[in-house]
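**Student:** Chains as they are written, first to last, in my numbering: chain A, 1 to 126; chain B, 1 to 363.
I should point out that these hints are in silico values taken from the structure, not numbers from a laboratory. All of these numbers come straight from a predicted model, not from anything done at the bench. Treat each hint with caution, since some may be false.
Stated by the list, open to error - Partial pick of chain B residues on the chain A-facing surface, computed with a CB cut under 10 Å: (1) Ile12; (2) Asn15; (3) Lys17; (4) Gln33; (5) Leu34; (6) Ala35; (7) Asp224; (8) Gly293; (9) Ser314; (10) Pro317; (11) Thr318; (12) Pro329; (13) Ser332; (14) Gln336; (15) Met339.
As the list claims (entries may be wrong) - Under the rule of at most 25 Å between Cα atoms (straight-line distance), these lysine-lysine pairs were calculated in the PhoX-like manner: (16) Lys17/B to Lys126/A; (17) Lys342/B to Lys52/A; (18) Lys209/B to Lys17/B; (19) Lys300/B to Lys362/B; (20) Lys3/B to Lys119/B; (21) Lys68/B to Lys129/B.
Backbone N, C-alpha and C define an ideal beta-carbon position, used for all residues, glycine too.
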Amino acid sequence: MSEVDQYRFTRSHEWVCVNDDNTATIGISDFAQSALGDIVYAELPELGSEVKANESVAIVESVKAASDIYSPLTGEVLEVNPDLGDTPEILNESPYEGGWLFKMSISDAAQLEELLDFGQYQDLYK
Amino acid sequence: MNKRTALYEQHIAANAKMVDFSGWDMPIHYGSQLAEHRVVREDCGVFDVSHMTVVDIRGEDSKSFLQKLLCNDVEKLVDEGRALYSGMLNQEAGVIDDLIVYKMADGYRLVVNCATREKDLNWIRDFAKPYSLVVLERPEMSILAIHGPNSIDKVCAILSAEDAASVSALPNFKGVLCGDWFIARTGYTGEKGVELIFPETDAAEFWEKLLAAGIKPVGLGARDTLRLEAGMNLYGQDMDETISPLSANMEFAVAWEPESRDFVGRDALTALKQRQLAGDLPVMVGLVLEERGVLRAGLKVITDKGEGVITSGSFSPTLSQSVALARIPQGSTQCQVEMRGKFLPVVLGKPGFVRFGKRVFKS
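Isolated chain B (complex conformation) (with noise of 0.2 Å):
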């Protein structure tokens, strides 16, 4: 059987429709992907996301870890509750997944995805191994992510008054602890908002609070077409373990300072940024299809300088238009994309198209 969130009854009591993703039982929608995913552009909206994974470093040597481990460096997690989105490579610099990694009062958190737990968790102890630290998953915490323009407002006016200040007080990627709550100003869809990570058995009664105060649940349906609008990679589709940071447009992850650093993978990525630097490593862009249509993730893209692939495509119910990530060669100019034996023009922008409610994406 698939495993089940603390809310999972909850989901069914909220007309959600439920699907297999990775071995659990989660929401894709309530009714309206479309819906959902405008009340998070324009109100508030509630993403169980309890799917994913914590994992809890402690120890004296938890930050050298970190900072062999991952890309990106822990280093400038510079205070208590401060997050950073990382990657972690293999040797060959190719992604075995991208995460948050937030500063712990005892050590640090790493959130990772569902569908890569297995994978991760043995790679982590695999690496942890020479170190003293402890590597400890969190399974029974539950990860609620509350995004949209009123989320904060909406939040702190459920939250204790204490708690209410702490939270409303919090700059864009910081969290604080609210006893055994950790309440952070992060999330994947373009608009501000927090994540909590709490004890489970306190879901079902926050839930509801939650739902009273008006903020509507969201599924996975609209969270893929909210980060893909604001340009955010989902694992598995945009990257993975044959593809590396610089072809992901997650170069902004990876601390290339100070030199001495030897994260896993810096060596073959160096040498893959040599070849950026030459013009000979794939790229990946932001896609808009001004005509009638859906870009759909294994399109074929034609540019004037080669052949790349959609990895990421779908309606933009912001836009009104279909937006896509694709990975093509880097320097082209023109786009065209192969669907159903038609070659459809598309404009070729940066990644990302939506963020705070408005259109972003410039060709």
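So that you can see chain A by itself, here it is in the shape it has in the complex (with noise of 0.2 Å):
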């Protein structure tokens, strides 16, 4: 994987990698993990669901509250994190690795521009 300064973010604190073959990686800021507390469960998307931009696919529960997480683009589930079932405590320890909720492809290529750079999401919480 590329390095977090490459990847694009959402508003709502889910981020986006673009892989090599042109899939992408999605998963949740560090922001995101730090304001949740500890994560205890994450519910992941079907495997071969087709999901949009903007729509809720996952919900990630930390001991404090259940979060929705909304699919930054519109494709297809290609893989989902299988250590997260075991382990949901990887989404705390490495948000931007180890802790990748899933991986989709990517529909529709312009939606990538329409999310934030690392510079301007971490602005938003300044």
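Mind assembling these two chains? They're in different frames, but the hints should get you there.
**Tutor:** This is the structure we're talking about:
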């Protein structure tokens, strides 16, 4: 995976990493995991499902609250992180790498342009 | 500006994430709520609960006053230092607050909740008018709770030899006055431990000693999951002025005998008891979710006898499952919880999931 400063971000704290094979990996930001507190469970989208940008596709539950995860892009869910079932805490420990949520195809690359870059995202909560 | 305890600077220095709790800046966690929860179940942790309210009742009528004010009977406090959990009810038998009362040399000491401070003090002072006594709030006191299997050993290692001998000899639910420090074997986590009520001017130095002894600070977040695992109520969430002790798993704190004791709310509570005996009064139960997911307060419970509601729910770090307290129709045997449009089966049992580090929940 590439560096975090190459990721794109949503205002609802998801990140997108565009992979070499032109798929996208989706996760939540360090700010989001910190605000949620200890994460104990993640309900991930179904493999092969078609998801739309801004649609609620997953749920992350922390000791504190349940939080909806919105798909940043439109596409098909290709892979979900198999490690989150037994070790959801990797979402806290490694939000940008080991704690990724799912991989998806990119149906409309123009949607990437609507997302924030790392600097713009960081400015959101300065 | 919010109120701060005498240990505010120490919390910041320990990397606390501070949140507003009923007008107080309090530590919710110091990095990880789960790690803090586990440290209390497996070793020893310290909570600053100085936001809670200490009220001393002194004077010749103290006992008869508290026998009127509280649904539990301070007559049970046979010796000095003894502690009792009780509810303070309104005339409709709703719970104004839950509290701990200690018998002291010169009267009694109540520890009541933080969020209810003002209404409690008003209620107590109103009822106290005809009695010969003094109601004295003690805002200058810090309160620390130190809990976990190693808590007594670790605390005694810091105290003077004389105080350590007194504290280590205490049975559960009893306290002792060590100079102007009151140290009692009470708490709200389901682990053994002590609560210390002492002048806040001593707090910073003592806190540093605790940390140096390897006792970890624990925030209010873990306090909530610990008390939930122990099946203990949180005022304002599991019960309030519209709920009687009989529907909040608090009947153990109601002293029905002697029948002549006319405590506030007794008539209404007696009427509710008749409903309970007829099988027509909501009951508080414990729920365990065997599937993945987290039960939350406010979720609807569907049973074979009707509907109920979850009053407290979270993830239990000790059981690695979600647990909840819920109020449901009496006599229910089957339960489902509606979560995000799905109906999830839950196991029904008595409130109380973990004691002394071990699972105690039975269906």
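**Student:** Hint by hint, work out which the structure violates, then give me just those numbers in ascending order.
**Tutor:** Hints 1, 2, 11, 12, 13 and 14 are the ones this structure does not satisfy, whereas the remaining hints hold.
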